[in-house]
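> Residue strings, one per chain:
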Amino acid sequence: MDISDFTKTTRYMPNDAFYFDEETNETKTAKVVETTWSHHNEKLSDFTFCLRENHEDYQNKVNGEEQRIMEKWFAELGYNEDIYIIKDWIIKEKYKIEDEEQIQNWLKPNGAQVVESKDAETI
Amino acid sequence: MTLPSSGALDFNSIRAEFGGPSSNVTMSTYNRGGTYTYAVPANANIPTGTTDTIEVSDFYGAKNTTDYLGNVGGAHNSGGKAPKQYYGNSNSIVGPLPSLSDQSMKVGSQSFTAITEFFMQSDGASGGGGNFDFTIYFDSGAGTSVYGNTSIWASRQFKIYNSSGTLQNTFTMSNCAGFQAVALIPAGALVYTAPGATGNYKESLDNGRNAFGTNPAAPSPLQPADGNPALGFGTGSFLNGQYYVQAF
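Taken in order, these protein sequences are the chains called A and B.
Here our numbering is used: the first residue of the first sequence is -10, the next is one more, and so on.
Here our numbering is used: the first residue of the second sequence is 1401, the next is one more, and so on.
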């Protein structure tokens, strides 16, 4: 199940913030940006995140918050974490055999890619 | 960046530095070891318990999360006749492990923002059965000028803290890490770099390079990559839950 159907909007907060610039050793002020995530499924909650503009880790922090929101929506939808996992906004069965490598490992658990072959004389 | 160590400081600035929701947010949101305030030595003045008294002044000089990798790791056992136990986070290699929500950290003087794998693996139904390996995938696009830089990688320590800020272990890369493959490996030999040209680091490949110690460019004596045995590196089960990593 794909839950990537959401809208992300930003706006400035009314008050500026203080921070210490380690390069110039000065206390400076910056605008604060609020990001809001709204899912198109109305049963799921909206979430917000505030961070100062031009924060040196801005994109990573917003991405990290988006990952946490993805987990929160996953929980709100009622999925059992022991059975399901969410990655890249797709909810799928945790232990489902999908790719060719997994299939081969399932069919031949001691295949050459797991246990190195030895000739009969060595054995 | 940090918060000012004196003078004007308010709740709005704390939130703008560490990040956080715009509503339903309290000072306890920023307890050390919580989602937004990492339990690292620089934040030692910030209380950990949700019932502790917390004040704006506790945040003077506090450091945001930028330079540290902080994630909630998971556990996975592959099962089968040759089971492998995994602990940590994975965006793609180990599907059942959770993805990394924080992908940035500083290693030496170099900042990375697209780390995709951070996990330990070992053999056995519950791990600890040998073939220990530690995997970190750094930014794929940083290039060989970064990955061939010995000042960043050689003998680099990765200190791993738990949610209380207690040091769980220190993983140290080999003193060969960062050396250009051509400087260490004779022509025609299997080429290993640590990390590789696209940022993939594996402890096993790092130590595989030590076999080429007769090359005159190799550091002497060679010291392999390893966790600190005195702290019980074990299976890496301390990556199952909240952890923070410092490597600068």
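Hint data in this document are derived by calculation from the structure and do not stem from the laboratory.
Be careful, since some hints might not be right.
What the hints assert, rightly or not - Result set (DMTMM-like, lysine to aspartate or glutamate): computed pairs, CA atoms no more than 20 Å apart in a straight line: (1) 97(A) to 1523(B); (2) 1463(B) to 108(A); (3) 61(A) to -9(A); (4) 97(A) to 110(A).
What the hints assert, rightly or not - Computed beta-carbon distance windows for the label pairs: (5) 1477(B) to 96(A): 14 to 22 Å; (6) 1480(B) to 11(A): 47 to 55 Å; (7) 32(A) to 1545(B): 48 to 56 Å; (8) 1530(B) to 11(A): 29 to 37 Å.
Just so it is clear, CB atoms sit at the ideal spot from N, CA and C, and this is done for glycine as well.
> Do residue 1480(B) and residue 11(A) keep their Cβ atoms within the hinted range of 47 to 55 Å?
holds, 50 Å
> Falls inside 48 to 56 Å, the C-beta gap from residue 32(A) to residue 1545(B)?
Roughly 50 Å apart at Cβ, these two residues keep to the hinted range, so it holds.
> Need the status of pair residue 61(A), residue -9(A): alpha-carbon distance at most 20 Å?
Judged against 20 Å, a Cα distance of about 15 Å means the pair holds.
> Could you say whether the range 14 to 22 Å given as a hint is met by the Cβ separation of residue 1477(B) and residue 96(A)?
holds, 19 Å
> Measuring from beta carbon to beta carbon, are residue 1530(B) and residue 11(A) in 29 to 37 Å?
violated, 45 Å
> Could you grab the alpha-carbon distance between residue 97(A) and residue 1523(B) and see if it respects the 20 Å cut-off?
holds, 17 Å
> Decide if the proposed pair is consistent with the structure: residue 1463(B) and residue 108(A), CA atoms, cutoff 20 Å inclusive.
violated, 58 Å
> Please verify whether residue 97(A) and residue 110(A) have alpha carbons no more than 20 Å apart.
Between residue 97(A) and residue 110(A) the Cα gap is close to 23 Å, so the pair fails against 20 Å, i.e. violated.
Hints 2, 4, 8 from the earlier list are contradicted by this structure; the remaining hints agree with it.
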